[in-house]
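Enquirer: What follows is each chain in one-letter form.
There are 2 protein chains.
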Amino acid sequence: MRDVAIIGVGLTKFGELWDKSFRQLITEAGSKAIFDAGIEGKEIDAMYVGSMSSGRFIGQEHVGALVAEASGFSHLHIPSTRVEGACASGSLAAREGFLSIASGINDIVVVGGIEKMNDVAGASATETLATAADQEWEAFFGATFPALYAMIATKHMHDYGTTKEQLAKVAVKNHDNGTLNPYAQYRRKITVEQAMNSSPVAYPLGLLDCSPVTDGAASIVLCAAEKAKEYTDKPIKIIGSGQASDTLSLHARRDICTVDSTVFASKMAYKQANVTPDDIDLAEVHDCFTIAEICAIEDLGFVKKGDGGKAVDEKITTLDGSKPVNTSGGLKSKGHPVGATGVAQMVEITKQLRGEAEQRQIKNAKIGLTHNVGGSGATCVVHIMEAM
Amino acid sequence: MRDVAIIGVGLTKFGELWDKSFRQLITEAGSKAIFDAGIEGKEIDAMYVGSMSSGRFIGQEHVGALVAEASGFSHLHIPSTRVEGACASGSLAAREGFLSIASGINDIVVVGGIEKMNDVAGASATETLATAADQEWEAFFGATFPALYAMIATKHMHDYGTTKEQLAKVAVKNHDNGTLNPYAQYRRKITVEQAMNSSPVAYPLGLLDCSPVTDGAASIVLCAAEKAKEYTDKPIKIIGSGQASDTLSLHARRDICTVDSTVFASKMAYKQANVTPDDIDLAEVHDCFTIAEICAIEDLGFVKKGDGGKAVDEKITTLDGSKPVNTSGGLKSKGHPVGATGVAQMVEITKQLRGEAEQRQIKNAKIGLTHNVGGSGATCVVHIMEAM
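Just so you know, the sequences run in chain order A and B. In case it helps, my numbering puts the first sequence at residues 1 to 388. In case it helps, my numbering puts the second sequence at residues 1001 to 1388.
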């Protein structure tokens, strides 16, 4: 199995982009990544695209081919494949690109992640997002994601004494970080009081506990590690890639406060990378709701199960804490264009490990981790990266 | 790069299966393949699922995780990934499974393909299928797939003198073959006269030139070739896997009668397998419409460009011809549950190369090919297989 490195990254601004189409967004992110890598189209062996529900959002399936064409590479007939795993689609696309290079079939692969969620026809974003839950056992009965994560939050409060204030502090921290990220959807600070008093969505989650509906795209260029230095002085090696599944519906799990797919995917990635949670200098984790970040830092092994809320009180996960989490602003403040999120997380870690994260730069960052979840945790993908 | 072999196959009956759900279909195909391979759940390293539009057909995205759960493997947390490339989704899933074993990460991978197209909510099958075309340039203006393939057919008639009778003969042949396949949707012969006089859909295509709307699932178990003989005496090695893209919309192509993605994907597969079109003993090709089979046998290099119609007249592609095509009955008679089709093609070739194709067995079949197209050819995947 060959080693794989990231040699280029690109992002669009995240937000309500009423004047930009699906084609425009993915082309912008992709061309930025290709330019950053300094490659030509003819060097690209394959493309992978993560998108959760282009079929419902914009009435367009088959977006792998669309992206190859929109990028201007139709004449090259580059293989292009869409991968879907709900909100983990972006990381799944990255993982497939990684495997295709590891196999020896490809040398250079462009990975894109995208979702166009505003200015769309048909069903509401919330209704389409609910197709990532179990349609027969959850969505059909009205259990949308805020409701599902609210159940996780109440159970976590019951089992571990986690408080609504600790949830609020996650949002406050991520908004603080988002102010430092020019690509973030919300670049304004919020207070704990504002977060705690924001409009109720599903108790205990208020509006400011929830990630927003976002348009955006992200892209990375992957390269066989042995060739990466031909393109960049700062290749970022993917030293671990883990993926795991769990039941689609929440009720069938042994414990709704533990996302087993996170536990298993991270174990797989730690083992491959030959590191422990203590070796991780910073992480981008899947904070689709504030409670999700608390579960994530526990299930990734950064803190003991149940100590996630306390870790937030102790500021362990802030920019100058011992384990900075969501330096980009996370899904909460940076925005959550679902298919793009996993790739965007890898863009942030790449920038941090290159030392290019400007005002939000973590000093001496050597090893970073991304954690991307589909649905309420039926899919999880973890990547661990290190500067070469 | 490691070699990969097929060690198990499974199919559901194809048809209008009003009494079977998505979960039931994929579980049936998957468990048959797993039983055929003689493996246990704990031996499975990963799963890949090809499905074109579960989000629109059954309101369920995230079907990778759903399939892992429905198979009863939730407790094993097996990574499970959905792959989509319109009607080529099944072959794309197989290709990703193939790459994941070739990379050395996985040893045993279960691949499933599925579509539930009848008894569905929301938009019509034709409307959802049109999301595989270019929404902005084609589907929005009412150009559904019968219309697009009708344009290809009229151009082929104009350029090469192909006749409506030759199109009809493709349907007649595939129905002949379908009568011999217990899994086929339509197991009855039709006549050339019936096909030529069937209700017009889009000139020159009549109802009997079109593949049907089908429910069904198919599954294969892939294994590192070096371990395949531990499970079966008759492993079928995948000696070539090719994939290529073209423009999503028809109008942007250099020649709508040539599917360049087929040309490029098959060249890639022939090169990897180190064979020529003459070495192929039989093929399953993507006959979503009769004209598509004629283009396919040309673009795969079985006959010269423009000679596809003549080849049908000369019965080259019948069961006892020199190059049997669609021994299963093809999409026309076996049925076309879009996400399942590519996997089902690989099931047929596996059965043929094992000598288990019963009444439709091709004698001395050594090397077989599958050809699976997404949309009007924006994606094509070709696999070449050989008995080990």
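Treat the hints as calculated values from the structure; they're not laboratory data. Just so you know, these numbers come straight off a predicted model, no measurement behind them. Fair warning: there could be bad hints in the mix.
[What the hints assert, rightly or not] In silico EDC-like cross-links for lysine to aspartate or glutamate, where the CA-CA straight-line distance does not exceed 16 Å:
(1) LYS267/A - ASP1045/B
(2) LYS20/A - GLU1136/B
(3) LYS1366/B - ASP1278/B
(4) LYS366/A - ASP281/A
Enquirer: Next step is simple, just say for each hint if it's right about the structure.
Expert: Going through the hints against the structure:
1. LYS267/A - ASP1045/B: Judged against 16 Å, a Cα distance of about 15 Å means the pair holds.
2. LYS20/A - GLU1136/B: At roughly 14 Å apart (the allowed maximum being 16 Å), GLU1136/B and LYS20/A satisfy the hint.
3. LYS1366/B - ASP1278/B: holds, 12 Å
4. LYS366/A - ASP281/A: holds, 6 Å
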